[in-house]
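Assemble the whole structure, with the sequences as input and the hints as a guide.
Just so you know, the sequences run in chain order A and B. Residue 197 in our numbering is what sits at position 197 of the first sequence, and the numbering runs on without skipping anything. Residue 376 in our numbering is what sits at position 376 of the second sequence, and the numbering runs on without skipping anything.
No wet-lab data here; the hints were simulated from the structure. Do not rely on the hints blindly, as some may be mistaken.
[To be verified] Partial selection, computed: residues in chain B whose CB lies under 10 Å from chain A:
#, residue
1, L257
2, V384
3, V429
4, F433
Keep in mind the model is a prediction, meaning the values are calculated, not measured. All residues carry an ideal CB built from backbone N, CA and C; glycine is no exception.
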Amino acid sequence: MDFGFILASAATEIFSPTTAAYALAALGLAVHFGYSGLLNFGQAGFMAVGAYGFAISTLSFGVPFFVGLLIAVIASAIFALLLGIPTLRLRADYLAIVTIAAAEIVRYIVTTNQLTSVTGSANGLAAFEGGFYSMNPFPEGSYFGMNNRDFFIRVVGWALVVICCTLVWLLMRSPWGRVLKGIREDENAVRSLGKNVYAYKMQALIIGGVLGALAGMVFTLPRGAVQPANYGTELTFFLYTCLLLGGMATVLGPVIGAMIFWVVLSLTQGILYGLIESGAVTWLNTVQAGQLRYILVGVALMLLMIFRPQGVFGNKKELAFA
Amino acid sequence: MRSTSQGLPAGGRRGLLRLLGAISASILAILLVAAPASQATSPSPTPSPSNQTFQNNISGFLRDDTRAPLADVTITAKSGDFTGTAKSSANGSWSIGVPEQGTYTVELDESTLPEGITLAEGQENPRDVTFSQTSNLSVIFAFGKGIVVQEQDFGQNLLNRLVAGLSFGLLLALASVGLSLIFGTTGLTNFAHGEMVTLGAVLVFAFNAIGLPFWLAIVLSLLGGGLFGYVQDRGLWRPLRRRGTSLVPMMIVSIGLALAVRYVIQFFFGGATQQLPFAQSPEIQLGPVSISPNNLWSLGISAVVIALIGIVLLKTRLGKATRAVADNPALAAASGIDVDGVVRLVWITGGMLASLGGILWAYYRPGVTFDMGSAILLLIFAGVTLGGLGTVFGALIGSIIVGIFVELTTVFGLAADLKYVGALFIMIVVLLFRPQGILGRRERVG
Chain A
1 MDFGFILASA
11 ATEIFSPTTA
21 AYALAALGLA
31 VHFGYSGLLN
41 FGQAGFMAVG
51 AYGFAISTLS
61 FGVPFFVGLL
71 IAVIASAIFA
81 LLLGIPTLRL
91 RADYLAIVTI
101 AAAEIVRYIV
111 TTNQLTSVTG
121 SANGLAAFEG
131 GFYSMNPFPE
141 GSYFGMNNRD
151 FFIRVVGWAL
161 VVICCTLVWL
171 LMRSPWGRVL
181 KGIREDENAV
191 RSLGKNVYAY
201 KMQALIIGGV
211 LGALAGMVFT
221 LPRGAVQPAN
231 YGTELTFFLY
241 TCLLLGGMAT
251 VLGPVIGAMI
261 FWVVLSLTQG
271 ILYGLIESGA
281 VTWLNTVQAG
291 QLRYILVGVA
301 LMLLMIFRPQ
311 GVFGNKKELA
321 FA
Chain B
1 MRSTSQGLPA
11 GGRRGLLRLL
21 GAISASILAI
31 LLVAAPASQA
41 TSPSPTPSPS
51 NQTFQNNISG
61 FLRDDTRAPL
71 ADVTITAKSG
81 DFTGTAKSSA
91 NGSWSIGVPE
101 QGTYTVELDE
111 STLPEGITLA
121 EGQENPRDVT
131 FSQTSNLSVI
141 FAFGKGIVVQ
151 EQDFGQNLLN
161 RLVAGLSFGL
171 LLALASVGLS
181 LIFGTTGLTN
191 FAHGEMVTLG
201 AVLVFAFNAI
211 GLPFWLAIVL
221 SLLGGGLFGY
231 VQDRGLWRPL
241 RRRGTSLVPM
251 MIVSIGLALA
261 VRYVIQFFFG
271 GATQQLPFAQ
281 SPEIQLGPVS
291 ISPNNLWSLG
301 ISAVVIALIG
311 IVLLKTRLGK
321 ATRAVADNPA
331 LAAASGIDVD
341 GVVRLVWITG
351 GMLASLGGIL
361 WAYYRPGVTF
371 DMGSAILLLI
381 FAGVTLGGLG
391 TVFGALIGSI
401 IVGIFVELTT
411 VFGLAADLKY
421 VGALFIMIVV
431 LLFRPQGILG
441 RRERVG
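Structural data, given as structure tokens:
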């Protein structure tokens, strides 16, 4: 078993565009759940709205990259509004069920054969990333062992993560953020101070949702394709695992959580495949090894929630559920 | 909501260790229970007397216009030098193994068809078929006296879908009554309930695959479902309740459990769709309604079981105790009711009901897959929410509405692959206008 190779491929996961996408989406969840106490189980839906909003506007209407970006962001803000109007007055577990249902509705709609000409149904859409890569300032060549395209998407993805983290950090230490945390702790107390709790929650839902939409775009651009099967409910649950790993009411927690999540997944896959190839493990095949990793994710989520709900960096006093 | 304990006293630490052990034990228990399935994942449900040595198959079922199987019909597949032949088996299935995925000319030998049966008009024979990325290619031959597509008038279709929807709704109700009971007594929104549904069907398949008789497989599967409910409560939820864990963390723990159990099932069962025995049955005409016997059985069984649950809840001391715990656990405990005992019983019953629902769902679809339960989890939630979280009879009514709604939307022109959207959408609309659900009380909603 080549440990050097396994470690190297795990290390590349730290800065992969997928990790950046998970970090952004988990940051959105931190705004929802960690800071505002909104139990959004539909983050995969926001990501799908972002990815499809961008892909459809580029392919069907031929708009330039930044217009497509704007459309994706606006679409996710509208999705947040539509979701928020009926549900933000409800109890936390109702919000969870409604958001998960809404995310599934989005997935069913982009999967249906009725809209194949627009969404490509189960096969999804492809070849919409040209506008993005045509802006690549890096000339062809090797950058840290990557070609200029891979390097460009990493730079853009992680720059986006840094910008969004800074914005969220600034927002949360502003008076606006303090009200939001107050709502998380005691909604009625904040209401009695004359604050419009509903409006604050709606704003938080929109901001987290836009982060999710950006994550959806960072997720699809390096793949050059968007497929509905990627946006199932499990994606949301993986994002929660990232968020809880890092710490839910922190800015860097979701980012570090996403890095840990992907490094651990890559390490376990490398080690399991290595053991299978070397013949040390005969009761597994490679397909089952892939499933074993997701069993581990599930068990990790349970254990985290039970034994260290504040995550690696979190503060136990800042939990959305006291 | 109660608050989580901040520091951990010595006793709490020991409790945590026990909890950790219990979680791994319950995972292990699932692994052990699911183990037999691993031996039974690869063979196809009905091996036909064809050359099975190849990886790729062209297959299909032959049925006449009354859906009765056609046996001993010869079918050949040709491509270049390769020629494969198969005869349809007693249940009408045929399968030809082919060396590689590509385009084949499939021909049905019409002289081997039973007397009086002819291919339907417009059915190309021979015809060219092409694999599209999967290792199995199904070819459908339609038979009948000059009928190309079976036309049904609208009223007939509506009635058939209504009955099918009722059957689907009742099987959803089996799962959602359990979910609702658990929510009512413990406050937990259990996202792992879909996996309890899957387990029922997978266990029947596993026990049947190791050669046990069908009835025994079903009984063992129900017991397995009850055991899973018991182990979950004993090993996970009761210690968490003792710690005073609040509801949102418990909900996230149940998501972790759902992921773990789903992939444990896939680990042993594989990703393929398997069929339970007697899954294929021709539809029969019952008065004005045409329905498959399986659906009819499903309808009857779930109606009887739900009626039994209702009687127990309304007429017995145990039912009264359950309702008391659901209403106010502290007050119930103060008046001498064994709350933990009631909750344990609710988990066991919920597990058995979910198992039964899973078996019936496997016949309704038809087919057993590792994610069949999570596919209807949201419909179960929709039923429970529609009726009012925590109310048992609300869950029943809500599920029936969801089941009928799902089936009827296809009659009124919604595409079949969007039929779940309608049910989820009306759940959101109901929450908008009547968040406590149909039978829920207003003060239950914050």
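Results of checking the hints against the structure:
no. : hint : result
1   : L257 : 6 Å, holds
2   : V384 : 9 Å, holds
3   : V429 : 8 Å, holds
4   : F433 : 9 Å, holds
Violated hints are absent here; each numbered hint is respected by the structure.
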